[in-house]
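Visitor: Residue strings, one per chain:
Number of protein chains: 2
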Amino acid sequence: MKLGQRLSVSVLLLLCVTWGANGGNILVWYTEGSHWINIKPVLKTLIDRGHQVTVLVPSTSLFMDTSEPSCFGYEPFNVTVTKENMEDFINDFIHFFIYEMDHMSYLQMYIRYMDVLRVQVQYTLNYLDGVLKSETIMKKLNEGKYDLLLADPIFPGSDLVAEILGIPLVFTLRYSVANKWERHCGQLPQPPSFVPGAISKLTDKMDFSQRVWNFLFYAVQDIVQECFFWTKLDKYYSEVKGTPTSACAMMGRADIWLMRTYWDFEFPRPFLPNFKFVGGIHCRPPKPLPKNMEEFVQSSGDAGIVVFTLGSLLKNITTEKGNMIASALAQIPQKVLWKYSGEKPATLGANTRIYNWIPQNDLLGHPKTRAFITHGGTNGIYEAIYHGVPMVGIPMFADQPDNMVRIKAKGAAVTVAFNSMKTEDLKDAINAVINEKSYKENAMWLSSIHHDRPMSARDEAVFWIEYTMRNKGAKHLRVQAHELTWYQYHSLDVLALLLIIILFILLLFIKTCTFCFSMCCGRKGKTKRKAE
Amino acid sequence: MKLGQRLSVSVLLLLCVTWGANGGNILVWYTEGSHWINIKPVLKTLIDRGHQVTVLVPSTSLFMDTSEPSCFGYEPFNVTVTKENMEDFINDFIHFFIYEMDHMSYLQMYIRYMDVLRVQVQYTLNYLDGVLKSETIMKKLNEGKYDLLLADPIFPGSDLVAEILGIPLVFTLRYSVANKWERHCGQLPQPPSFVPGAISKLTDKMDFSQRVWNFLFYAVQDIVQECFFWTKLDKYYSEVKGTPTSACAMMGRADIWLMRTYWDFEFPRPFLPNFKFVGGIHCRPPKPLPKNMEEFVQSSGDAGIVVFTLGSLLKNITTEKGNMIASALAQIPQKVLWKYSGEKPATLGANTRIYNWIPQNDLLGHPKTRAFITHGGTNGIYEAIYHGVPMVGIPMFADQPDNMVRIKAKGAAVTVAFNSMKTEDLKDAINAVINEKSYKENAMWLSSIHHDRPMSARDEAVFWIEYTMRNKGAKHLRVQAHELTWYQYHSLDVLALLLIIILFILLLFIKTCTFCFSMCCGRKGKTKRKAE
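One line per chain: the protein sequences are P and E, in this order.
At position 205 of the first sequence the residue is numbered 205 (full-length UniProt numbering), and the sequence of numbers has no breaks.
At position 273 of the second sequence the residue is numbered 273 (full-length UniProt numbering), and the sequence of numbers has no breaks.
It should be emphasised that the hints constitute simulated quantities derived from the structure, not laboratory data.
C-beta: ideal position from N, C-alpha, C; glycine also.
Mixed in with the good hints there might be a few duds.
Stated by the list, open to error - Here are the simulated PhoX-like cross-link-like pairs (lysine-lysine), alpha carbons at most 20 Å apart as the crow flies:
1. E:Lys368 x E:Lys437
2. E:Lys232 x E:Lys205
3. E:Lys475 x P:Lys410
4. P:Lys410 x E:Lys321
5. E:Lys475 x P:Lys408
6. P:Lys472 x E:Lys410
7. E:Lys291 x E:Lys410
8. E:Lys427 x E:Lys339
9. P:Lys368 x P:Lys410
10. P:Lys475 x E:Lys475
11. P:Lys475 x E:Lys291
12. E:Lys321 x P:Lys475
13. E:Lys241 x E:Lys133
14. P:Lys205 x E:Lys475
As the list claims (entries may be wrong) - Cβ-Cβ distance ranges computed for the label pairs, FRET-style:
15. P:Glu441 x E:Glu87: 48 to 56 Å
16. E:Leu492 x P:Asp222: 17 to 25 Å
17. E:Thr512 x P:Thr485: 36 to 44 Å
18. E:Asn356 x P:Leu503: 54 to 62 Å
19. P:Asp452 x E:Lys241: 26 to 34 Å
20. E:Gln108 x P:Asp222: 45 to 53 Å
21. E:Glu483 x P:Arg118: 34 to 42 Å
22. P:Ile505 x E:Val116: 24 to 32 Å
23. P:Glu239 x E:Pro285: 35 to 43 Å
24. E:Pro69 x P:Glu441: 52 to 60 Å
25. E:Trp486 x P:Asp452: 27 to 35 Å
26. P:Met138 x E:Trp486: 32 to 40 Å
Just need the whole structure built from these sequences, with the hints factored in.
Guide: And the structure:
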């Protein structure tokens, strides 16, 4: 171990001893990619506040580095899926979204999506096996005497483990496709008429055809997920519990759902007392830039800089695309800092520098920053909102296109299509968000909404995690809807009864009228006959 | 003016000069009774924070004393209704609920209720005339350059005035009957299957018959209120605006709804980003009691004391009822402090003292307090929750029975019926809540929920009022549902289209089958005929 490393470990250990006797003991479910990036600052804050944090880490983890000096305790476990399997899955997933989807019919898209879902479930269950079917791990978790399980449900199973360990559960979640998990498992009310399903690319202002589309999106997703995801999970849960168990109902047992959005990004929508909107938990004021970088930034003069990244998952793009992008960047008066680990494009301008890594938050918080070119990941968008930077979106997959639709609808971004964009499109988009005042004004307005709340996102997330530990759960914030069937929830049984009663009364009325009429006519007939 | 009064005015003026240049200018809509008691502490906090507060006060006000030294500015206005009219209306209202309702059929009750509604609307419009049709008042309000109108919508019309003055509007509201205003005008989602309508006396755990009841309660209330309240208000609004105007839609323009409940009292339910739950805004730590009272309280020894009040509206009860209550109180080991301004009962025990006024919050916060006998008003209940005191409810009218159902369901109260209770019932109820541990434990649990939140109720109310001023409204927290019709909201048009498509496909399928079948049969027939 080098001296610097040893020193930083000592400082960390010094910080770690603040784990007080009153601190809680928190178990963190495994996660990956930007989800891990997002949860880390919360864990650090929890440690600073005297809690003990232990993170479950699968042997295939791509983003969690257990060898890195850290205040977290790690609980590694083995999974049968290899690191290569995971990388292949992610690359296949990205390829599908970026290169295949545009040339597919809806049916082809859904068939391909079902394949993705099938692999996802298979890996999910493999990961779960690594925890649940390992006696050593389960013994350790039982002996760990944890006060709470904190989980991003993107890797399902945490609810089952929390139930087995008998501890409260707090979810931290960005979204599920069409919000199926939140709607059905969390009982979050979500009328399709004004709440666009996650990744639907719709806004809350929908015309008739869009409302039909959103309605169908919910319905199709519900069916597909039910068939290809939940039935398999139900079977697994039932086997583990030894009794028929609904994985969705188990998910609904979560005490608190920390949703990683807020009204700066999300369209206003109904929610529940145990849903807390903590978008931007990872944002923080900027730190000074590395010296070289600061010099480059300062050299931009009044024109300022543009920050450009396509996220942590996309490592490379085609040479042609690289040249096209570089050529657009070369034509703007700003200096550009581009996070890119692929081949250096031949058309790279003197105003553009390529970096393997950039301090994204610090750059976005720099007074010289004029725009952010982003793939539209929630983490980056939130950093731009936090610092009030207008955006150019080049969304590609997952929630990225949907995210950019939101920021565009709020007037703080222009979007260009990754596959079809030309040099001119990108250049015009950058010039627009920098030179047309409204984009900056709207970005500042979103920033103001973000900052102007009773407590910061991270503090609120930490508050509700500690709250759940203090109160050994938060079941009093859970709606009674969890105990109702879908037809009870929508009062369909009540409506059926009322309809039957109305029909019965109507029938009785008609029968009585017919009877009276026939009696009258009969009597008249009789009278007539008598008169005859 | 006496010296003491002069001194207190000076102190108040000294406090008032803290109105900074940055403070907002807030107009407060007129209100009455416990609603005024509830809003006052928020106004005082706003003044302490440097804002200017002006309260509209009708000439008939029963609870707002403009001659009292105060930091508020008052804007008095004349109404044609007399003080006697108002008192008669309130007494008639109380009489109906306490003495008449028990002997009425549902139909009679509704006919009587419609009468009450009719008078309420008439008085509402008279009050509104006092503001809107007075040129002097409207000129003053216009010249006042207010930043915000804060209103309890129990007296409607504030939304119309806010619209005319062109200023943001914040509501502070306990409830409307069956939550019609919140549901229809505020777009608060409220499935009848698990959200009991306000004053329905139901909990969130409903069996089938209760769900039918709740559904019908919503429906009947919607119809009655539509016919006897909203149509008249719509007519008035349309006349004033000179264009067809929906009073309910106007109400829906409110920026923030401060709901005066929280999850310590309310059953968990869906809500919206512009609905903030601030139950208990008036609660505060106890102050020392007056010397004589403290001596009496201390004389109770270990047995402790019981605090008893039937609220601010009910001044008197029958001699018989008074004796019955006094007799029950005489039989308990605790000392009793009874707020009562009627005739002294003959059976009054030595342990009971009658007061014209009691410092209710300070008594409930006293360590010797064992129980609170209450009519079930929200203000009193919240003080008891704040201090963790178990309750005996003697609810009478308005939301009181419903309030007590909630506290009883949460295990912190026993309820006795005002009309039918006997000495034994009251005595047993008091003994139960004092001697059975669970009541105190549950009261303490509610108190813990009340206190354990990110910020206090009053601070949260003040935050959102200031927020609305700072941001000149909070329209970005308003759901898009406001722009939809009821059938669009419930996607009924979408369902109709999908149904038509399904029917069309079905019909096409049947027709095709029939055609194919007839072709096949026809050909067979032809072949047969040819063979013949």
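Visitor: So, for every hint listed, does it hold in this structure?
Guide: Hints and how they fare:
no., hint, result
1, E:Lys368 x E:Lys437, "holds, 16 Å"
2, E:Lys232 x E:Lys205, "violated, 36 Å"
3, E:Lys475 x P:Lys410, "holds, 13 Å"
4, P:Lys410 x E:Lys321, "violated, 63 Å"
5, E:Lys475 x P:Lys408, "holds, 18 Å"
6, P:Lys472 x E:Lys410, "holds, 18 Å"
7, E:Lys291 x E:Lys410, "violated, 35 Å"
8, E:Lys427 x E:Lys339, "holds, 18 Å"
9, P:Lys368 x P:Lys410, "violated, 23 Å"
10, P:Lys475 x E:Lys475, "violated, 32 Å"
11, P:Lys475 x E:Lys291, "violated, 43 Å"
12, E:Lys321 x P:Lys475, "violated, 41 Å"
13, E:Lys241 x E:Lys133, "holds, 12 Å"
14, P:Lys205 x E:Lys475, "holds, 14 Å"
15, P:Glu441 x E:Glu87: 48 to 56 Å, "holds, 54 Å"
16, E:Leu492 x P:Asp222: 17 to 25 Å, "holds, 19 Å"
17, E:Thr512 x P:Thr485: 36 to 44 Å, "holds, 37 Å"
18, E:Asn356 x P:Leu503: 54 to 62 Å, "holds, 60 Å"
19, P:Asp452 x E:Lys241: 26 to 34 Å, "holds, 33 Å"
20, E:Gln108 x P:Asp222: 45 to 53 Å, "holds, 48 Å"
21, E:Glu483 x P:Arg118: 34 to 42 Å, "holds, 40 Å"
22, P:Ile505 x E:Val116: 24 to 32 Å, "holds, 29 Å"
23, P:Glu239 x E:Pro285: 35 to 43 Å, "violated, 55 Å"
24, E:Pro69 x P:Glu441: 52 to 60 Å, "violated, 46 Å"
25, E:Trp486 x P:Asp452: 27 to 35 Å, "holds, 33 Å"
26, P:Met138 x E:Trp486: 32 to 40 Å, "violated, 52 Å"
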